[in-house]
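Going down the list, the sequences are from chains A and B. The opening position of the first sequence corresponds to residue 5 in my numbering, with each subsequent residue numbered one higher. The opening position of the second sequence corresponds to residue 22 in my numbering, with each subsequent residue numbered one higher.
What the hints contain is simulated information worked out from the structure, not anything from laboratory work. Among the hints, erroneous ones may be present.
[Stated by the list, open to error] Straight-line alpha carbon distances no greater than 25 Å define the calculated DSS-like cross-link-like pairs of lysine-lysine that follow:
1. B:K79 <-> B:K98
2. A:K68 <-> A:K18
3. A:K68 <-> B:K70
4. A:K59 <-> B:K90
5. B:K70 <-> B:K43
6. B:K122 <-> B:K43
7. B:K79 <-> A:K59
8. B:K122 <-> A:K46
9. A:K59 <-> A:K18
10. B:K90 <-> B:K122
11. A:K45 <-> A:K59
12. B:K98 <-> B:K70
13. A:K70 <-> B:K122
14. A:K45 <-> B:K90
15. B:K98 <-> A:K70
16. A:K46 <-> A:K70
17. A:K45 <-> B:K118
18. B:K118 <-> B:K70
19. B:K118 <-> A:K24
20. B:K122 <-> A:K59
21. B:K43 <-> A:K46
Nothing here was measured: the structure is a model prediction, and the numbers come from that model.
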Amino acid sequence: GAVVSQHPSRVICKSGTSVKIECRSLDFQATTMFWYRQFPKKSLMLMATSNEGSKATYEQGVEKDKFLINHASLTLSTLTVTSAHPEDSSFYICSARDLMAEDYTFGSGTRLTVV
Amino acid sequence: AQSVAQPEDQVNVAEGNPLTVKCTYSVSGNPYLFWYVQYPNRGLQFLLKYITGDNLVKGSYGFEAEFNKSQTSFHLKKPSALVSDSALYFCAVRDIKGNEKLTFGTGTRLTIIP
């Protein structure tokens, strides 16, 4: 089946630094990828839709300059949390849409802790 | 607009008993419906989906769900629960004629009691 690889699985960084999270579709091409944030014991909050070769579409209330998304190829999207603060600490999950199968495959998530 | 409701935050079932996790949806057109399971500190794993065709959908790990258009429901079921089924379950919907975004329910924590 389709596999999405997300790295790193866990990262701790200092306040003010930037962190990059990668999301790769391993065996299919994903023109569209999605980035979610999940708070403890809560549902997934869609942050942005990442489209290959074009600018990401951000959901209302999500800071574009803080959460930089790049989707440079059909298999890779990255989320960079810039100038991280403790309130950015969360679980971030990516998802890739397989057009051929109408499937949405999720990465294993990244636990970000900002200290 | 599309939305999903999972009315139960928590469901407890004795091992070996049948389980049901409820989901209702709202879309303006026809829905694509999905169920995912999440284990602690992990991403979402696909269980099953309804796109078209037979209303009864069978998925991974013995789970199944029935698409009921008149009741706008897509409840997840399993005939005999296992302790390993304990996890967080999410229902999601997408309007066929809408954009690509999935809308998720708030999740239901399923606990199987040995």
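Going through the hints against the structure:
no.	hint	result
1	B:K79 <-> B:K98	10 Å, holds
2	A:K68 <-> A:K18	21 Å, holds
3	A:K68 <-> B:K70	32 Å, violated
4	A:K59 <-> B:K90	36 Å, violated
5	B:K70 <-> B:K43	15 Å, holds
6	B:K122 <-> B:K43	21 Å, holds
7	B:K79 <-> A:K59	37 Å, violated
8	B:K122 <-> A:K46	18 Å, holds
9	A:K59 <-> A:K18	28 Å, violated
10	B:K90 <-> B:K122	21 Å, holds
11	A:K45 <-> A:K59	31 Å, violated
12	B:K98 <-> B:K70	13 Å, holds
13	A:K70 <-> B:K122	22 Å, holds
14	A:K45 <-> B:K90	30 Å, violated
15	B:K98 <-> A:K70	41 Å, violated
16	A:K46 <-> A:K70	22 Å, holds
17	A:K45 <-> B:K118	31 Å, violated
18	B:K118 <-> B:K70	17 Å, holds
19	B:K118 <-> A:K24	33 Å, violated
20	B:K122 <-> A:K59	16 Å, holds
21	B:K43 <-> A:K46	17 Å, holds
The structure fails to meet hints 3, 4, 7, 9, 11, 14, 15, 17, 19 from the earlier list, while all remaining hints are met.
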